[in-house]
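Start from chain A and add chains B, C and D according to the hints.
There are 4 protein chains.
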Amino acid sequence: MQEIRQPGSYHYAFSRYVEPVARVKPGETVAIYTQDAFESQITRATDQPSAILGPYLNPQTGPIFVESAEPGDTLIVQIVDIEPTRDWAVSALIPYFGGLTSTRFTKTLQESLPERVWIYKLHDGWLTHSLRLSFPWRPFLGTMATAPDLEAISALTPFDQGGNMDVPDTKPGNTLYLPVRVPGAYFFTGDCHAGQGDGELCGVALEITAKATLKFDLIKQKPLNAPRIESPDAYMAVGSARPMEDAARIAYSELIAWLVEMGWDQWEAYQALTQIGGLSVGNMVDTTYSLVAKIAKEYAHRSS
Amino acid sequence: MQEIRQPGSYHYAFSRYVEPVARVKPGETVAIYTQDAFESQITRATDQPSAILGPYLNPQTGPIFVESAEPGDTLIVQIVDIEPTRDWAVSALIPYFGGLTSTRFTKTLQESLPERVWIYKLHDGWLTHSLRLSFPWRPFLGTMATAPDLEAISALTPFDQGGNMDVPDTKPGNTLYLPVRVPGAYFFTGDCHAGQGDGELCGVALEITAKATLKFDLIKQKPLNAPRIESPDAYMAVGSARPMEDAARIAYSELIAWLVEMGWDQWEAYQALTQIGGLSVGNMVDTTYSLVAKIAKEYAHRSS
Amino acid sequence: MQEIRQPGSYHYAFSRYVEPVARVKPGETVAIYTQDAFESQITRATDQPSAILGPYLNPQTGPIFVESAEPGDTLIVQIVDIEPTRDWAVSALIPYFGGLTSTRFTKTLQESLPERVWIYKLHDGWLTHSLRLSFPWRPFLGTMATAPDLEAISALTPFDQGGNMDVPDTKPGNTLYLPVRVPGAYFFTGDCHAGQGDGELCGVALEITAKATLKFDLIKQKPLNAPRIESPDAYMAVGSARPMEDAARIAYSELIAWLVEMGWDQWEAYQALTQIGGLSVGNMVDTTYSLVAKIAKEYAHRSS
Amino acid sequence: MQEIRQPGSYHYAFSRYVEPVARVKPGETVAIYTQDAFESQITRATDQPSAILGPYLNPQTGPIFVESAEPGDTLIVQIVDIEPTRDWAVSALIPYFGGLTSTRFTKTLQESLPERVWIYKLHDGWLTHSLRLSFPWRPFLGTMATAPDLEAISALTPFDQGGNMDVPDTKPGNTLYLPVRVPGAYFFTGDCHAGQGDGELCGVALEITAKATLKFDLIKQKPLNAPRIESPDAYMAVGSARPMEDAARIAYSELIAWLVEMGWDQWEAYQALTQIGGLSVGNMVDTTYSLVAKIAKEYAHRSS
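Protein chains in written order, with my numbering: chain A, 1 to 304; chain B, 305 to 608; chain C, 609 to 912; chain D, 913 to 1216.
If we strip away everything but chain A, and leave its shape as in the complex, we get (with noise of 0.2 Å):
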């Protein structure tokens, strides 16, 4: 199985101005070993994170070239497996970035809230920093985009075409669908969060370095507007914008899209949504926000 560390330096943006650093072929296993998002520069309690981070945080693994990607195909990463490739997380509070801050979007004369660093010890399954603050294992990986055709878009940011949407259902048994858009769809991945909250509300999750065992594959011209999940039991949509109205409504559209490509009605589909639809937040603190809509495969497999 081919293994793709970053050479060198890492990326801050879903870009195609950059040269890939693996190639795979469609229905090809590789395991992608990913840095945390502050590219493990923060270890100990008593950091201080405005200290410490440039300008720069997210840093991806990729552009990986998926062979015959051409725009206006899917791409399907299918999430076999995500290992820690190291026993702690870490998360932190940061200056003017967070759900319950002010920020340098929503603009305040208020001081910033205190820094603050948690570690937690990875052991037998669980994140643990204290009694009181200790997760289960629960990982998956919360940036992944293919390049945009036009833009080069900071690794920071949810968007159409993926990106860092922090939804805990991009996780090993899930597969999500991209949009591309440039030739060999330039994947990027990066961000494993060793669990994470709704909302990831302070900013920061359980950041973790991971090793990611990723299958890709293609359906030819096959354009989305909004990545899709899938997982076992459910289908789900993904809606990246603000205000977080916008991305529920993104979200829902996209899952009635879908329902109607599987032959529903498309008020059909709205009255489903409406009595058994699921939406969930998935960041409430980047550039945008991401919420995930989602329908359980047993009713959207029924019969009409």
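Hints are not guaranteed to be accurate.
The list that follows gives simulated cross-link-like pairs (lysine-lysine, DSS-like), each with its CA atoms no further than 30 Å apart [to be verified]:
hint, chain 1, residue 1, chain 2, residue 2
1, C, K828, C, K779
2, D, K1134, D, K937
3, A, K121, A, K222
4, D, K1083, C, K729
5, D, K937, D, K1033
6, D, K1033, D, K1123
7, D, K1083, D, K1127
8, C, K779, D, K1209
9, B, K526, B, K425
10, B, K526, B, K329
11, A, K297, B, K425
12, C, K633, C, K823
13, B, K601, B, K526
14, C, K823, C, K779
15, D, K937, D, K1123
16, A, K297, B, K475
17, C, K905, C, K729
18, C, K905, D, K1033
19, C, K819, C, K729
20, A, K121, B, K601
21, B, K515, B, K475
22, A, K171, B, K601
23, C, K633, C, K828
24, C, K905, D, K937
In case anyone wonders, no lab produced these hints; they're calculated from the structure.
This is chains B, C and D only, laid out in the frame that chain A set:
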């Protein structure tokens, strides 16, 4: 057990300016009969909601005067049971109302979506309109509120004393905590949903008439800033605001306040909710949006 | 000329549930005395607002019963004159209130901004606190509303019947049009500002007590969806909502509706406002934000 | 005077990843020729925009390399003159784009508005489509930006380095200040508007090709957080974000920062802008909304 029915015409606002229809004592369990959101005026698939409905929607049973309740107290409402009082539920598309249409707030020049009515038969624990549109009986009270001190609030509005929150967590087995702002609390309820997905996407859940068995109690001199919910397994807080991110901020802030009351350090609570908190969307369609932040008791009860 | 003073205690809500303090006839001009937003409790630079102010702010004079006003009519309020009734105005920083601070809606864990009080002397047409802080007398009524049919709305709230809009266009020489929703209209006013910038940034303008000379009239059977304003040179409509883009949408939609009533084609009006419309921010600090859309009469009156 | 024309194909992103088309020296005045937002493809009232336009809009002339510009500098762009290079302008309704329609962000299930094209003749200082639709020549450059260090940003987007702000204040006689983030600044401009109302309501102003005379200069080692504008009479700052209130917060925050640089106390500046600040809406239609906060020099220059 006292049975409370709305005598004569219904109320369409949470208001201290109307006469109580019943009085309950702290510790008392009562049965309350509720109308559906359309006052049972929509009964057939061929009905045209815009031609039938008047300016007022979501009729409430109440106000119910809770003896010895005073401003600054917390009203405890234990949801013991909800039974249907008819064997059908109704959903509908109403012009310029819902999650995937422009509205009187998000105003555009576009035509409205088509009007539609779906009638569901309740049988054997399922609400069934068709093979595809068939959903389990998962009842909850969409609307519960105490009266404001100063204002009278439309029964369509979720606010800091509850209201039309449309969060599926106000269901049998759970307990709702509401701030008391006027002597006697003036409790209202209505809008039973036989089931609903997250967000109440099209704006109309499975609307049904019901008999709700509620037990009332008080915590004296305990003011709340937002509704709280307790299930056997979790603590929750509800935020209602626009844009949706403000609802998320309020919900998580109130849950942090609750954890601090339980002895948590504020930053520890902020951190814990980042890693293990839940955040779900009750409604994305009402006058304000309602989100529910949650922490499992398993985590909340840990000693530091 | 009838002089209207609030007898006894003030009202802090736009409410049909209180007794009118005066009656006016269509065509009648009256003088109304208004309190400042703090009921004149903050008088010195050393005052601490949070220690002085109670739960209710923005006292209103009213309700004023307009004879023969019926639901579905439009109330015309011509602002003839505004005179100060004292020689000083006050502004202040109030904890968790304002445009560049977190608030009870945009909730964060940050400390509040410092409290401050600025007292301005009114002399020779200028309000002067210091060399730097000295501004011309540009009075307007921050708050004017009719009472809702169903609700009672806090006097701090802007809404579709006016309210605490804080738009500087409700000034002498201009005319405000408000929907009537209850018999007698139940008009309220207060919150005179000796001057204010766009947005009312810190949340508190140059607050002053005043004598406002208003002339009332009616357009029978003419329902409005939002407040409208006419100046000698322009037509305006006010939108109040959150997020702010919804306020913009409402304001421009209502102005298009007005142009259509004048004989414009809807798409022509949409196009004209794109090229020559004005859109200014009244308040970015209140319960909802208020924006004013505008078109010069010079353009509105052109024949097609 | 150097004349700069885009050689060959246009750029549709603010990008450091493309070759400069010209070099200018600090202090140099140049003439830049710009395309219209549709690359002059829409020319007749009968054209159907959705059938004609490709995926890329808003072609930019650039990048222009400013000699000796380094990251951390401020680029000064003095707008000396704007002349039309043709005698007509165009506006249009484009499906799911504009202020009073659902969009790809504010997604609904509604039909789009009808497509429309308006052609205006430029004559004697007026743009004229019909008796009603005739507006004065008030040209400005809708789009001006420097290139980001990390990202490449679609030319349709306003952001903290300028971009598609669509604020009418970037007009002859005024000066724009932009942060430099890459060596040479990489300046782009385009999207001349022959005139526009506040908000650019339908999404398309009076689009025209133009010759813009700009004078470039630098302030060394002066980083900016947002674009600033200086007119003969006023200081302004531009905020671009969603929701719109965040754009307002950024604009006023940056203007306070500017006043503090001029020697003001922060709270005094907050107070002054409350009473005398201006806040107008540039666009309510683009990827982010742009608002302009303003203070007259008459007030800004007062000594304390």
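A quick look at each hint next to the structure:
1. K828/C to K779/C: holds, 24 Å
2. K1134/D to K937/D: holds, 18 Å
3. K121/A to K222/A: violated, 43 Å
4. K1083/D to K729/C: violated, 38 Å
5. K937/D to K1033/D: Roughly 37 Å between the alpha carbons, so the hint for K937/D and K1033/D is violated.
6. K1033/D to K1123/D: holds, 18 Å
7. K1083/D to K1127/D: Holds: K1083/D and K1127/D sit about 13 Å apart, inside 30 Å.
8. K779/C to K1209/D: This hinted pair holds, its Cα atoms lying about 25 Å apart.
9. K526/B to K425/B: violated, 43 Å
10. K526/B to K329/B: With Cα atoms ~18 Å apart, K526/B and K329/B stay inside 30 Å; holds.
11. K297/A to K425/B: Holds. K297/A to K425/B sits at ~23 Å (cutoff 30 Å).
12. K633/C to K823/C: holds, 10 Å
13. K601/B to K526/B: Holds, at roughly 21 Å.
14. K823/C to K779/C: holds, 13 Å
15. K937/D to K1123/D: holds, 19 Å
16. K297/A to K475/B: Holds, because 25 Å separates the two Cα atoms, which is no more than 30 Å.
17. K905/C to K729/C: violated, 37 Å
18. K905/C to K1033/D: Judged against 30 Å, a Cα distance of about 23 Å means the pair holds.
19. K819/C to K729/C: Given pair K819/C, K729/C holds - Cα atoms ~18 Å apart, limit 30 Å.
20. K121/A to K601/B: holds, 23 Å
21. K515/B to K475/B: Answer holds: K515/B to K475/B is near 13 Å, not above 30 Å.
22. K171/A to K601/B: Between K171/A and K601/B the Cα gap is close to 25 Å, so the pair holds against 30 Å.
23. K633/C to K828/C: Answer holds: K633/C to K828/C is near 14 Å, not above 30 Å.
24. K905/C to K937/D: Judged against 30 Å, a Cα distance of about 47 Å means the pair is violated.
Comparing the model with each earlier hint shows violations of hints 3, 4, 5, 9, 17 and 24; every other hint is respected.
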